[in-house]
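*Asks:* Sequences listed follow chains A and B, in order. Position one of the first sequence corresponds to residue 234 (my numbering), numbered consecutively onward. Position one of the second sequence corresponds to residue 718 (my numbering), numbered consecutively onward.
Any given hint could turn out to be false.
To be verified - Reference listing, derived: stretches of chain A covered by chain B, where coverage requires no fewer than 3 residues with Cβ under 8 Å from a Cβ of chain B:
1) 286-297
2) 405-415
3) 418-428
4) 437-447
5) 491-500
6) 598-608
Said to hold, decoys possible - Straight line, CA to CA, 20 Å or less: simulated DMTMM-like cross-link-like pairs of lysine to aspartate or glutamate:
7) A:K425 <-> A:E391
8) A:K425 <-> A:E390
9) B:K1327 <-> B:E816
10) A:K394 <-> A:E419
11) A:K352 <-> B:D1052
12) A:K394 <-> A:E481
13) A:K394 <-> A:E505
14) A:K352 <-> B:D1171
15) A:K352 <-> B:D1176
As the list claims (entries may be wrong) - Have a look at the derived ranges for each label pair, beta carbon to beta carbon:
16) B:A1105 <-> A:E515: 50 to 60 Å
17) A:R415 <-> B:W1127: 49 to 59 Å
18) B:A1116 <-> A:D501: 50 to 60 Å
19) B:G878 <-> A:D527: 51 to 61 Å
20) A:P589 <-> B:L1315: 52 to 62 Å
21) B:A1105 <-> A:L633: 18 to 28 Å
22) A:D561 <-> B:V1179: 31 to 41 Å
23) A:D516 <-> B:L850: 34 to 44 Å
Please keep in mind that the hints were generated in silico from the structure rather than gathered at the bench. Quick caveat, the model's predicted, so the values are computed rather than measured. Just so you know, even glycine gets a beta-carbon here, dropped at the ideal spot from N, CA and C.
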Amino acid sequence: MVGFDRRTLLAGGTALAMPRIVHAQGDVIRIGEVNSYTSQPAFLAPYRNGWILAIEQVNAGGGVNGRRLETIFRDDAGRPEDAVRHAGELINSERVALLAGGFLSNVGLALGDFANQNKKLFVASEPLTDALVWARGNRYTFRLRPSTYMQAAMLVEEAAKLPARRWATVAPNYEYGQSAVRWFKELLTRAKPDVTFVGEQFPALGRIDAGATVQALASTTPDAIFNVTFGADLTNFVRQGNTRGLFERRRIVSMLTGEPEYLLPLGDEAPENWIVTGYPWEDLNTPGHTAFRDAYRARFNEAPRLGSVVAFDTVSAIAAMLRKTGADTETEKMVDAMRGLTFPTAFGTGDVTFRPIDHQSTLGAYVGRTALRNGRGTMVDWRYADGAAYLPADDVVRTLRPQS
Amino acid sequence: MEDLLIQALNGLASASSLFLVASGLTVIFGVSRIVNFAHGSLYMLGAYVGWSLVTQLPEGLAGTSVGFWGSILLAALIVGAIGMVIEVLLLRRIYEAPELFQLLATFGVVLVVQDVALLIWGPQDLLGPRAPLLRGSTEMLGVRFPRYELFLIIVGPVVLGLLWLLFHRTRWGTLVRAATQDREMVSALGVDQRRLFTSVFFLGAMLAGLGGTLQLPRESVNLQMDLAIITEAFVVVVVGGLGSLPGAFLAALLIGELHAFGILILPRITLVLVFLVMAIVLVARPHGLLGRASAPSRGAAAAPDPPIGPTPRPLIVAGAIALALLIAAPLLLRDYEISVLTELLIFVLFAASLHFIMGPGGMASFGHAAYFGAGAYGAALLAKHLGAPMLLGLAAAPALAGLLGIAFGWFCVRLSGVYSAMLTLAFAQIAWSVAFQWVEVTGGDNGILGVWPDGWARDKSVFFYLTLVLCIGASLMLRRAVRAPFGYALRAGRDNALRAEAIGIDGFRIRWLAFTVAAVAAGIAGGLFAYSKGSVFPSTLGIPRSVDALLMVLLGGVQTLSGPIVGALAFAGLQEQLMRATELWRLIMGSVIIALVLFFPQGLAGAVQKAWGK
């Protein structure tokens, strides 16, 4: 339609055609966003804010080629089958151009498979599982956040510098926790062959028996502990661990704990000197991030969380992709544009790329230590770990991902 | 050695926490026979209210012992009052409804509380302050042990002692115990049942609130607390024996200690341990550790279900019209609406299969998703590992579900009432944990992807017709079976087991067969579900799916054959509409359920039937 109208215009169409052209160019591009809003509100409320902010900025700048972006949000309540139903509805009834979202790994995988089956583009924002781009990767699925493997690799780099030999691990008993521990063990053993793993704990997600878990870890007398628990489990684990002295004279390496989502609820009981991946939202003063933080604060009157950055970057990526296709929403063209797409991140650390080889973005994370400041946890001595540096070599990736 | 002793103390501390919640649940169940699904919500409210009180103390009281412990007690009392309000406004009106119907009402409360808590306290986890004087730790056996955990270890037995005194040394307590044994008799002797029930509900809710608010110094307060605790609390109550306080204490100890030591040997056992314990205890002792077979209830709840006559003519006409509309549907509707209809049909069969054992069979199941999930996995595993065509997968679905039904049913149908229902839950959770942890075969929680229909059935309309034939066909066959001699034998056993045995009906075999038939039917639904969604995850056999089936049957009405159909359409249809329309779908859905419960205590189909009869 757009092409036709433009040709009419070039051919010197009558004044009667003008309103139709304006209408066609002002046509919105709809994005279907499916996420677990009711089951994970603590993470997804800031996420949604970040999303809204980015969409507003794109539209304030005139949209993409004059076409505004519009989002239709759907709540999957943490259930993959509901996510798939919403995806069907968004494509069929709401006529969205592409799908995005996903917080839980299994929801992300279900949506990715749905996208593959229906030949629609799916931009996964949050799900961490490696399977999304490797074992079960497909042409239509792209993922923004650094994966479980990448986060583990970033932490192993630091862990290998520690003198610790005896390691214990604690992780929630599901795929994310299990693969985080598996990669950490494998990569650390490769980097430092003399380490031994003396104990492991796998509390059920959201139902940690913290006292017993802390005691079980302590009884193996490790030099250092690798932690993957988060949210309520982390809080309870830290409380019991602090009171029982589990963390004294031990180094703790901990995944995602530096993210404000997990660090802030701990208040003044936030652990100190843990080596973590995260997001130093207060001290990151790159021009790009300062602008993002100020805009976010002005709009929502609070500091952004990592989820806000992830959502903001997802929209930036989608907008960049649409600019590349010239606002053409034909799926194959969008997929081709996504492969190798570069776009800016709200971290302000330069451009990020969606790798053609596995559709993983090279967005990184911050690695640093936790510390207490003004009665709450924060990150210090941090550095940006560029995601591109923490992915396996290309020939390894080819063995991990089905090649068609 | 010291490590083991300390670990035993850890087990005791968890046991105390568990006991506080379970004690309230068991007291409420003992007297009112209500399966109070909202008990976890009361526990969560206790924690949130306690947090608000402690963190907003006036100047002089903040940080003091008086302020802290006063807040704890006040929070427990407030939650007790909330429980009382729920009883007076809601539950009191539906005591006469069929067994387990109250579960539906309390589920509505759960949904409402989830959204209300989110609106009041926000999405972020809250961290309560530590208890004054009990902040730090004490050196024991060369290990630092938190003082607050020691305090908790003492609280459990103290509460047990106080409750014992209350029940054995006061007139009120004597009445409660009498009502636990035989509430009709107590009522016949002139005791005001209403006041007794309300006061019991106050006590039970207060104990839940106390359990929740006492977690403040040890755990974060969050929106997942309600569902995290409720299953475990039920397990403790059932393992201990319904209505038995010492039993609940013993069960809490058993589970607390087994957990503390279990993770030393098998760290990955955390998912399934409590359910393994429950299965073993219930198989060995059908009424829990200290429970007794309850006196046969003579109340309205036990009145035999109305006899099942031939299908009334208007219903046949209505059914035929509905069927004709369904057949015409793909011509009129778009792809999305067709796939929603497909999903609804699958849920109709799923609900009908549960109704088959719940209604005519008289055996509730809290774990019916096991067979639905077995069907889904049966189909998906064949597709993934053998590349089987869809029809073979759809045939494997009921086969695997049926095998599971034969195996689990053999144990479950020996028990009765809530014990039987909880044993089905235990088996379902064991099946779930196999699907969850056997990653090599089932893909763990990342599930099995790519289970899409074969080329010829990929069109939404074709798959819809396939589903229509299978689901309506199987539902009609279940309906037919209820009217067959087999169905008469099944209903006879439900209405009076002894008389049925006396005329030569082998109750066990009939029930076992019925259980298996229901499992097979659920398996068909599960297989279709797998192909309609394209992927299978452990959640297909998780507790929420079992609860969904239960809600559909109860909403429609257990006592009518059309109940599950109406219930499934109402429940799944409502959820589909609300989830698209609003973020607050839980609040609205919960309110709607509560309203339906109040207006139609016989279920939707039951209400229609009653209105027709008049």
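*Asks:* Which constraints among the numbered hints does this structure fail? Numbers only, ascending.
*Replies:* When the structure is compared with the hints, numbers 1, 3, 6, 17 turn out to be violated.
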